[in-house]
Every structure is written in C-alpha cells, then in structure tokens.
Amino acid sequence: MIRPGLSVLLAVWLSAPPLLAADKDDDALLTHHSRRDALSQPMSGLSASEREQFFHGRSLFNQSWVVAPAADSQVDGLGPLYNRLACMSCHAHNGRGLPLERMGERLQSMLVRLSLPGAGPHGGPRPHPVYGDQFNEEGIPGVPGEGRIQLRWHTVQHQALDGRRYTLRRPKLSFTELAYGPLGTVLTSPRVGQPMIGMGLLDAVPASALQAMAAEAKPDGIRGQVNPVWNPQTGQSEAGRFGHKANMPSLRSQIAGAFLGDLGITSSLHPNENCSARQTACQRAPHGGSPELSDAQLDAITFYLAHLAIPARRERDQPEVQRGEALFAQLGCTHCHRPQLHTGPSAFPRLGGRTLAAYTDLLLHDMGPGLADGRPDFAASGQHWRTAPLWGIGLTATVSDASRYLHDGRARNLTEAILWHDGEARRARQRFERLHPGDRAAVLRFIQSL
Amino acid sequence: MHPISFSRRAFVQGAAALALGALSGPLWAAPRRDVVVLTAYPETVVARFETAFERAYPHYRLRVVWRMPHDALPYLRQPGQNGVDVYWSASPNTYAQLKREGGWQKLGIALDGLPAQIGQSVIQDPDGYYVAAETAAYGFAVNPARLQQLGLAAPADWTELAAPAYAGQLLLPNPAEVGFAPVLVDIPLQAYGWDTGWALWSALAANGEFIGRGGTFVSDEVASGRKAIGLSIDFFVAAAIANGAPLRWIYPRQGGVNPAHIAITASSPNPAGARAFARFVLSDAGQTLLTHPDIRKLPVRPSVYARLPAGSHHPFAVAEQGGYRYNNGIGQLRAAVVAAAFVQACVRPHARLVALWQALRQGDPARWSAVWPLLTAPPLSEADASTSALQQVFANRRQDPAAEAAAQVHEQRWASQVDARLNQAASLLGVRA
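Top to bottom, those sequences are chains A and B.
Numbering of the first sequence is given in my numbering, commencing with residue 1 and proceeding in unit increments.
Numbering of the second sequence is given in my numbering, commencing with residue 1 and proceeding in unit increments.
One thing to keep in mind: the hints can contain errors.
Covered stretches of chain B, going by a simulated chain A footprint (3 or more residues, C-beta under 8 Å) [as the list claims (entries may be wrong)]:
| # | stretch |
| --- | --- |
| 1 | 48-60 |
| 2 | 242-251 |
| 3 | 342-356 |
No lab work stands behind these hints: they were computed from the structure.
Cβ atoms here follow ideal geometry from the backbone N, Cα and C, with glycine treated the same way.
Turn these sequences into a full structure, and let the hints guide you.
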C-alpha cells in the first residue's frame, strides 16, 4: 500500500503527472468509454438539472437547422449562406473532421477561411468584400451558394534524418462555380473540425498562465506567444485560446462564431447575417428571429461542450507506453505539448482548480513554411499555429471514420503529423527522426494512449 | 381538397420551362444538376447518402432542405412545392395526405426485389406514388448489468414488463411529445386486443416513468442505469450500442414496424434527378448504407441482410415466421386519437396509477376483481377510435383551430371518465391517490 503523499511524489518522480488535482474527485471529469462514443460522454456527477442542460445542449449541437420561417421556430434561421446543417456535421462524435479526399466532393467536415492581406476590424483578418471571411458552399432555396471548392492533394517528398523517405501530401485549393464574381487575390486557409472535448477546462486556464508560459525561456528556439484577439462578448482584446490559430478567446465566442460562420445562425454576439453588399438575395432572405440562436440556447451548448468528459488514458501501465512518455519529454515535445495546465476560477465550478493533461500550451508557434497557410489572424502570422491539444488523440481512428491530423487533415497518421513539424518544432522533429524504430514506436504508442 | 392543384401547376411550370428553352437552347440542353431533397433525417444519414449518391451520380448534386415531419406538409403545399424534387422521411401521414391532394407523381422506377409488405404492414403505396426506403421496429433497450443487479430477467415480450418486479424500472416515451411513440402505443393494442392492450398499458405505466424526449435520450437513461429498461424504436438504441453503449436491444415477439418512405413531387423541377436519387436510396448500395453503425436502420431490400453479421435482425424473415402482425394501415389512421387518449389515461394520471397499482398489488386479493377493471378500462372503445370523424379531428388539430377545440372536448371527457374510475378504485382500496 502506497501512502497518498508518497503516490504524489512518485507521480512527480516518474514524470507522470496526475491528470487532475488530488483535492477533487479526479474521475468526475473522466470517462472510461473507449469506443465510438468516447468523446460524447457527460462528466459524472451532474445533477438532474445539469443533465437536462447537457442533453438540451447536445440536442442543439446535433440539430439540423431549418430554413425560416418554420413551425419549429426554435431551430429555424439556417443561412442564408452556410456550410452544413448542423454542428455535428464538422464534429461527428465530437471528434476531428475529415478533409476532402476526391476531386468533386463537397466540403463536409471542413471549411475554408478567406481574407485579404492586411488587418480588418479589431486587428483580425480583413474579410473579402464579397465572400466574407469564410467560403459558404451552400445557400438556402433562392440564395445561391457561393460556389464550390476543389481540393487537390500534391505529394511532398520528405527524407528523414535516418534516411527513410516519406511521401507526404499538402492540399491545393481552387474555386469553381463562383456565384458572386471572381475572388481575385485572396488568402485562404482550409481547416477541418477539431475535437470538442475539454473546451470548458481550457477556457478556465487563466490568461495570466498563458502569458507566463509565453514568457518562459525555452530551449530549441521555441518561443510561443499569446494571440490577443477581439472578444465580441466583452468588447475588448483578450488572450485567444480556441481555433487552429487561437483566434477565439472563449468557448462561448467560439460557439457563436461557428454558428454564424458555418450555419449562418445569428446570436447576441453576432447579430447580423453573413451577407455582403453584393449578396442581395442573401440580404432579402427571411431570418429566424433576432437573434436566431437565443442566449438560453447558447448557454445550453456551452454547458454541453464544457461538460464533455475527457477520455481516461489507456495502457498507462504498459512499459512501452511509459517509455514513449519519457521519450516524448526527452525529444522536447512537452515544451509545447505541455502535460500540465492548471485551471483558475470557472463559470462552471467543477471545472475550476483542476490540473489538466491536455498536452497543449494554447500558444502560437511558428511551425515553418511547410504548414503555413499564409493567412494572418490577429497576431498569428501565416506560419503560426496553436499547439493542438493531444488529449483524446489516440481515439481518433475509433471515433471517426478515418484518421486525419493537423489543421487541414493532410496527415494520414501520427508519423506524418510529426514529420510536418518545423520552425520552432524542428529540433524536436529531428530528434524523432533519429530515433531507433523501436523508440519511435514507443513514442507513437504513448500518443495513442492519450 | 387543397386549393393548389399540383397537376395544373406542373403544367404551367412545364410550359414556362419550354418557353425558356426556346429562348435559351444551351440552358435547355444542359441537364439540371440540383436534386432538392426535403428530409428530416439527421446529418449522420444525410451526409453519407449525399457523398455516396454524388459519387454514384456525379452529374447530380444533392441539395438538402431539412424539415421536421410535422412541418413538411405545409412546406410541400407551397407554390411549386418550394422547388422540392424528393420527399424522403418517416412521415406516413404526409405521404398519404399529399397523395390525396395530387402532390406526388408516380415513382416510375423498378421496384424489383423490394417487398410490398413486412408482415401485416404495407410499406409500398399500391398505386406507385411512394415506397418505403427503410424501416424501423420497436422493442426494449435493456441494461444487462442493471438487470443483473436487480435480479431481473431480460423481458422477451410486452406482458412480462407488467410484472411487479419491474416496478420503477421502465422508461416510457410520452406519445404526445415523442414522434415515434404513437405507433409504439398501438402495437400492444393490436397484438393483445383493444381491452387487454389498454390494461397492459395501465400496468406498464404504473411500472414506469414517462419521458418527453425521444432520440438517444432513452438509451442515455438506460445506459446510465437510472432505469433498467426503456421502450423505444430500434435505431437510436442500436446505433448507441454500435457506438459503445453498454446496452442490449430486444425485439419483442409482438413487434411492429414504422417505415419511412420516398416520393417524387408532382412539381419536381428535376424528375430525372429525383428518380436517380430514389433509385440510389433503394439500391443495394443505398440500402447497405443504412446498416452503418451511426444509422442502423432496417433495409427494405431483403438481399442486403444476407451480408449482415449473423444474428442481425431480419424483419422479413421474422414476418415469414408469423411475426410483425402489426397493421400499420389501421395504426396510421388512429395514431393521433390513440396517442391523445393514452395521454389522458396513462400519462396525465401517472402518479395516481403508480400509487393505485401499488396498493392493489399489496392489498387484499379479494378486491382485485372489483378494482382491476377500474384501473385498466380503455378510455374509449375501439369502434370509436376507428371512426373517420374522430380520426380527422385529432389528425388535423395542429392546423385547424376548430379541430383543436373539438379534440380538447374529447380529451376532457376521457379525462373525467378516467378520473371517476380512479377515484372509485382509490375508494375501494382505501387509499388517497
């Protein structure tokens, strides 16, 4: 029998931090489900009213939104321009989206951001004057969708430092059937949907903690910076933490932004429909209320996403996993994919005061030209990307119909994802490339255990 | 008859299209790409069919308009039927009503290999206007671990659930709020006969708790162990099990199906595209998509079942062995009446039923014969529920204020009759309930 105090010490000695602080019920935030529904479980211990709110939020998340006017006035107001019908379209099972694999297919769990060079309102991207800041392939009846996106994969040869050759791929976009005239020179950024777990916890990591991590001296040329972004809810600049470029400061603003950009649903944070001056049919189209997503509905979805349980780690007692975990740290991965974050006070009490193993620092890092989209987003340059949280990543293949990684889904497995790491992550990647095959396998098995 | 004449409108649109064609040769020559499909299927279904259809028919593009079944009829009655080509949903009344109004054109596609019935349920329109594209069946979601903990056997049929041992362990969908539940209510009424069916429902209601939300809510609650058994339609639970929920699904011996259909609108701007989509949905490939772990609907093409894992439910085979005697023609006509009566007899006085059944079970058996009929009497006769006038009142209450007022009068009468019987039962049992 190990005394409780000793177990904490052992955890520190073994570089295996407890997932959650010992002063709270650790298991309450975790789920041991490991099948397709692993990312869809509520945290345990929800009261009856909290469960009701969770399921209400889930219903709205899965809801296919309806063209207004409709008898179901609570869920009408789709579009006029939109990408898909439901939140779950891009986040099936709350997991990762998938990119287009064949020419001619339409975007399903992927979107393309647009902007012109230069800064727009509040220092954010400068929207395209006609097509806005996100390309919407679909329009409600009577409103032409903006066009079609064609995605072609180009192969990229990569020789690792151990001499092995890899054929990677990167996307090249083109636009067809443009309904509102030519796009002209435009910056584009294809993105796949991100996993939904742990967002309430990440929301509760204090901005001061992000600033402190950014200010820390780090090896290997790693910097890391906070993305100060505009919060439409508070009307001020705040630390970004959500989105592939950390361009959203809070879970609530992330949800409201996605509702407008992806579904064309207005909210109190975004009261205006996504129609540009030239999109006259869009402007004349009926709407589903002002706003279309009520604050109560926004609250319910926020509660739902904040209380999705985190998958407990699997195979943690396996020697290879433990060796991989140690190697992961030795390679320098944990300078960005941090195994510990601490939450401060939260609007949801059970989420405050926790220690998280999210494997992110929520900071922007220059990842080099290979991954660059060339599209700035507040302080994020074209080469900057937020460190992706890795919790739950090992369940990707189980939860989704396929495994695709990185912001545009170009990586078809974890090795490819690592090999795309460059810029501030170059040294860590190079160490990975030099690893003995058995050690590489151990690193990958550790990541799969998350 | 609805004021809009679909056949006349189709003619006018056709004439307009010809006029346009005369002005614009290339436009007329080019095949129309968009196939507009009105549906209430969730995104898990829509996205997979969209991808697969567009791969199979790359010259067409599916445009999905989403509408709940109860809101589809008004949408399809709009001028030009709102440009919809195909209606694809589980809404038997919408199909039947629009057929009466001339809102469909004949499907005009081969239906080889697609049976017209499952047991006593007809799944194809005999006049060829619509056909089942999939079906679902009813049964019980059970939590094996919870049942074991309680020392209860997994039920094989409805009557077993009425046993006192299951008291407090059943989750029952309220047919006033859960779309799939009216058929569920009618299955025991047909299987055991009207009077016995209502008696069974009284006992089941006393053993359970009603919920106002369907979908995955039943499987959530049963998987959590808060209830051991939930009555449901199969696909929500089957998909939950395929995704990892610790549940088991049981098809009772007395089963029923609820088909979802596909039809082509009379005003379809793209009938060729509409037929291509209908063909795809009914094809081997389309029917196989229904078996995806996230969908789990029952194919209407029997040949698909040959490729499913052993032990998969095969409703056509069950029907051949005498199962699925539920008649959806009868059920569809009286569904609204039955659901409304059920609410007055079982949902509204639920707390009283729980208390009275408990008192009856614990009380003097000598009183059973006097009390039992008071607790179990049907709120209306089967003959009354079969009258067209009453069925129309309840079927039209959403759209017609006069029908709504008439429906409320019937409901108040049923409620007062039920209450009087329950008062008498309470008096005989000597309890306050």
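Now for the hints, and whether the structure bears them out:
1. Evaluation of the coverage hint for the stretch 48-60 of chain B: fulfilled, as 5 residues show C-beta separations to chain A shorter than 8 Å, against a requirement of three.
2. Here's how the stretch 242-251 of chain B fares: 4 of its residues keep a CB closer than 8 Å to some CB of chain A, so the rule of at least three is met and the hint holds.
3. Coverage of a stretch by a chain is defined here by at least three residues with a beta carbon nearer than 8 Å to that chain's beta carbons; for the stretch 342-356 of chain B and chain A the count is 0, and the condition is violated.
Checked against the numbered hints above, the structure violates only hint 3.
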